[in-house]
Amino acid sequence: MKLLPVQFTVNGQEVRAEFPAHRTLLHALRELGYTEVKNGCEKGDCGACTVLMDGRAVNSCLVLAVQARGREVTTVRGLGSVNNLHPLQKNFIEKGGIQCGFCTPGMLLSAKALLDKNLSPSREEIKAAISGNLCRCTGYVRIIDAIEATAAELKKGPTRPKAQKAHP
Amino acid sequence: MREFDFLAPKSLNAALRAIKGRGRNYKLLAGGTNLIPDLRDGNIRPQLVVDLGGIGSLKYIKEEKGTIRIGSLVTIADLLESTGIKRHASVLSEAAYKFAGPLVRNRATVGGNLVDASPAADCAVPLLALKARVKLQSLKERRTVGLDEFFAGYRKTVIKPGEILTEVLFPIPPPGTKQGYYKLGRRNAMAISVASAAIVVSMNGKACTQATIALGAVAPTPLRAKKAEALLMGKGIDEALARKCGEVAAVSAKPIDDIRASAEYRRLMCKVLVRRILCQTFGLGGEVSNLPQEGD
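Chains A and B supply the protein sequences, listed in that same order. So the first sequence is numbered by my numbering: it starts at 1 and just counts up by one. So the second sequence is numbered by my numbering: it starts at 1 and just counts up by one.
Bound conformation, chain B alone:
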């Protein structure tokens, strides 16, 4: 590993001062589960590494006026152990459970996972489905950005030099909201998603009043399948609609071939996962077969 200067500020302000005027020639260290291997392999060669681990004020999970606020340094293990998250945002708990393995979950942070901006980022997909926003802070400015506008391209975000992601927040879904998540990996633990999907659907009686569908690892960024969401609005969810919804969601995908799967397989899995999650969360019959069905 190449040498770098190292600072471990104890407050957010001290961290913001440390990176001010540094351009992009620094890296923020949170959990380190991506950064340290990248430093070791020489993929990145920053002059300065700023360890945020000592900033206690960024480690919290709060429920406040119908909103859940998660400090960016909360670990994936913290998420998994949070009863509030489990109760209000089961998609996020499920994603935390599928996140790498316990050793990595004890270090990796929510903020780090989002900033890393992998299309397969396990926190991004459920948080997109929960309509999360992120708070970005620099010495001059504070702004809040919707997660669907946060990812700017493959491993790119809208974060500017000098900014730190401080918080992730999302509205608590109304009571009775159905949530479902599915991560398809090559194996259960320590896998990077081949494809993943999270769905959050609120109903008023039999009519869908809110629907969000997020997909991971099927495009340069995690994304919302907004046309598929629109399809559900105002309707009752049955097997035929779940199937149609999967087909429309697959059109939003822009998958690539890589070592984990082909683009064709990924697109097919968008269909299957969206249909499967809807059928499972609404107790419909269609999930019986996990295999692609005729017409897929």
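Extracted from the complex, chain A is given alone in its bound form:
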């Protein structure tokens, strides 16, 4: 099997690896340990494998790893961490936008791509932005609530809430 060199960044870290031409970015990322990128339908219908590529949300199952050469890829791990949640992550938890969690990484990244462009989305715009991401648990309402709340928060102030301090 012929291997091709592939170099790109994932969550700001440079990755150098070799993949056969027919390896999709989805499988390449999972092989590299980025298992937060979920494998759902593998034909671009479900959005579980969503990543940001140069800031745009794409289905990583519809991209070959070799096509990501030189690109900046962001997975949900690039958004925030358990100790430093992104406001979207915090609101998904607080509003009940997560149940089984399988769609959540993709859903968060589609939401991030929306909020990067538009901090005052209508509910219809939010629905349109996540229309490529299927969720079979939540009924979407709480996801939309979480995205709406995040937009309002981010619009108010550019600073990300720090870890909670003791009462003054």
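Do not take every clue at face value.
[Claimed, not checked] Chain A residues, not near chain B, derived (Cβ > 10 Å throughout):
hint, residue
1, GLY33
2, SER120
3, ALA152
4, LEU154
[Stated by the list, open to error] Selected chain B positions facing chain A (Cβ under 7 Å, derived; list incomplete):
hint, residue
5, GLY32
6, PRO37
7, LEU103
8, VAL104
9, ASN106
These aren't lab readings, by the way, just hints derived from the structure by calculation. Fair warning: this is a prediction, and the values are worked out from it, not measured in the lab. Glycine residues also receive a C-beta, built at the ideal position from the N, C-alpha and C atoms.
Go by the hints and put chain B onto chain A.
Okay, now just chain B, sitting in the frame of chain A:
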């Protein structure tokens, strides 16, 4: 997915050289939203895949001497974000908005959507209504083909081995041209059309001077309903004419039964969509009911 050889040329010429003399044993990769699932499922087994993504010279939207030129690698998201397209070709903007979902729109290209030649191709219907042509280029030859002659049959085009679709171009419709598009799917996002229609009508005072009506997913290829177009010429558009036009358009359709809808329903929807678009774009009363009317 089966293995294949892979090339990622940086120029159109390099791409044309890469596919020269290969017969049909290669596939061009643009957005990949159709190609990659087809490769994965083994529906196609090319020896060589040539990724066109690195060819920057095919990514542009230009307005030039009354013509809009769109490079074949422009994505559907690019179309949707283009103010020029929105201003001059609202049918195309509307179709871009209804195209799959945002994730797919960020990858799928105009050229890829046309070359894929699905009867339900979302770009084909508005581009047919805009009287678009496509430029095809090989190492030996350049030719321009009207989109109404480009589709040769179900998922077939007139593209020859060694040719690449480089550009889609159409004349900017005259000021005051009315445009309307409707995509009927099983749901709003990520749907494949059950039927779709695009209409572009220019008026001189009260008389119609140009009319194009295109239909999608109701025949082996996207098509123009030319008899229905002729019906509008020279006339003022009223509700009765809109209704008649829908009836005549439905005769152009050659629909099939499939998992999304029956042939009978599709033919009926040709009538309804054409009437509805005309009534909506001309502010007539007839669109009030979205249901089939007596006589449909």
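Hint check results:
For GLY33 of chain A, the condition that its CB be more than 10 Å from all CB atoms of chain B holds, with the nearest at approximately 21 Å. Every CB of chain B lies more than 10 Å from the CB of SER120 of chain A, the least distance being 18 Å, so the non-interface label holds. The non-interface label for ALA152 of chain A is consistent with chain B: the shortest C-beta to C-beta separation is roughly 22 Å, beyond 10 Å. Remark: the non-interface label on LEU154 of chain A is consistent with the geometry, its nearest Cβ contact in chain B lying 19 Å away (cut-off 10 Å).
Here the hint on GLY32 of chain B is kept, as its CB sits about 5 Å from the closest CB of chain A, short of 7 Å. Against a cut-off of 7 Å between C-beta atoms, the interface hint on PRO37 of chain B holds, since the closest Cβ of chain A lies about 4 Å away. Checking LEU103 of chain B against chain A by beta carbon gives a least distance of about 4 Å; that is within 7 Å, so the hint holds. The interface hint given for VAL104 of chain B is met, as the beta carbon of that residue sits about 6 Å from the closest beta carbon of chain A, less than 7 Å.
The beta carbon of ASN106 of chain B is positioned within 7 Å of a beta carbon in chain A (closest approach about 5 Å), and the interface hint is therefore held.
When held up to the earlier numbered hints, the structure conflicts with none and fits them all.
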